[in-house]
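Novice: If you use mature numbering (1 follows the signal peptide of the UniProt record, and there is no 0), the sequence shown corresponds to residues -21 to -1, 1 to 274, in order.
These are computed hints drawn from the structure, not numbers from a lab.
Please note that the accuracy of each hint is not assured.
Restraint ranges, calculated between C-beta atoms of paired labels, are given here [what the hints assert, rightly or not]: (1) E57 to S158: 15 to 23 angstroms; (2) F141 to S190: 19 to 27 angstroms; (3) F95 to E57: 23 to 31 angstroms; (4) F95 to R55: 15 to 23 angstroms; (5) M70 to D241: 39 to 47 angstroms.
C-beta: ideal position from N, C-alpha, C; glycine also.
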Amino acid sequence: MASFQLVGLLLASFLLQIAGSEQTVPTTHEGLSTTARVLPKHGFVANKCVFILATGHSGSTALMDALNQLPNYLIRGEQYAAIWNIYESYMNFNWTIADPLSQLKFNWSERPHATFKEVKDLYDKEAVTEKLPWFNEFNLDRIMAAARTYYAILYGYYGKGFVSGFKDSRYVCGESFESWRCAEVFNGFMTFLRKLCLDVKVVFNTRTSDSFESNTRLFHQMARFSVDEFSKNLKETHRLFNDYAKNNPDLAFHVFYEEMYDAQKNATLARNLLQFLKEDPSFPIRFTRMPASRS
């Protein structure tokens, strides 16, 4: 385990050196002295990101492949909504820095650059007068910097010259977004996504219709829901996607499954999608390059 920790330290130092961080601190690991670079306070931030949020069986893999035909794009596939776990951690940290009464007295938002000594002195002062089960010295900017850094090192691994992202069919009502408060959670997650990178674009992907008849394959995949529950979740997901794209045309774009495979419409769709992404609209991309069936 110790060797893995040392490798992790050296790898982090290497990545930070690439990122151009100039701040260094001396550290010791099991008697070995080295110099580790410190993350800038804003963390690593990926440059441009494209996130595809889809309903299942709506062509999201073909859409991902169409974007990956652009030479500087690398959109990843399904990750079981892994970024959702980062968002939940972000929300949990936000709660622990503000809501517990024992944390209010520290008010770390007014001390964003407190030194280690200042933090320790404040802790020692309060620890003898009150139990501090929720103690931490985090602030909102630092928590967001941690989320950005996680994304940048994993998805934005290859530097500033490419566009990173992912596609996932689990950011829908009844899955990541709880049915009973889907709109609230959806809007919170969208705000979080917008902060992950310097330039964020979201592409929604669904069938044209939110009817049960048009989405029977998806229903059988989500068999734990009754027909009524499934239909309600699907209609709310479509509504949220439609409204968000309509109200945020510079941030979000809606791609419909049927248009991707309609020879009379897919060329126009491709141009409009590329224009939305601020890419060359004449660049040839196809929604049918990848085989439809899994190998």
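Novice: So, for every hint listed, does it hold in this structure?
Specialist: Hints, one by one, checked against the model:
no.	hint	verdict
1	E57 to S158: 15 to 23 angstroms	holds (21 angstroms)
2	F141 to S190: 19 to 27 angstroms	violated (39 angstroms)
3	F95 to E57: 23 to 31 angstroms	violated (41 angstroms)
4	F95 to R55: 15 to 23 angstroms	violated (37 angstroms)
5	M70 to D241: 39 to 47 angstroms	holds (40 angstroms)
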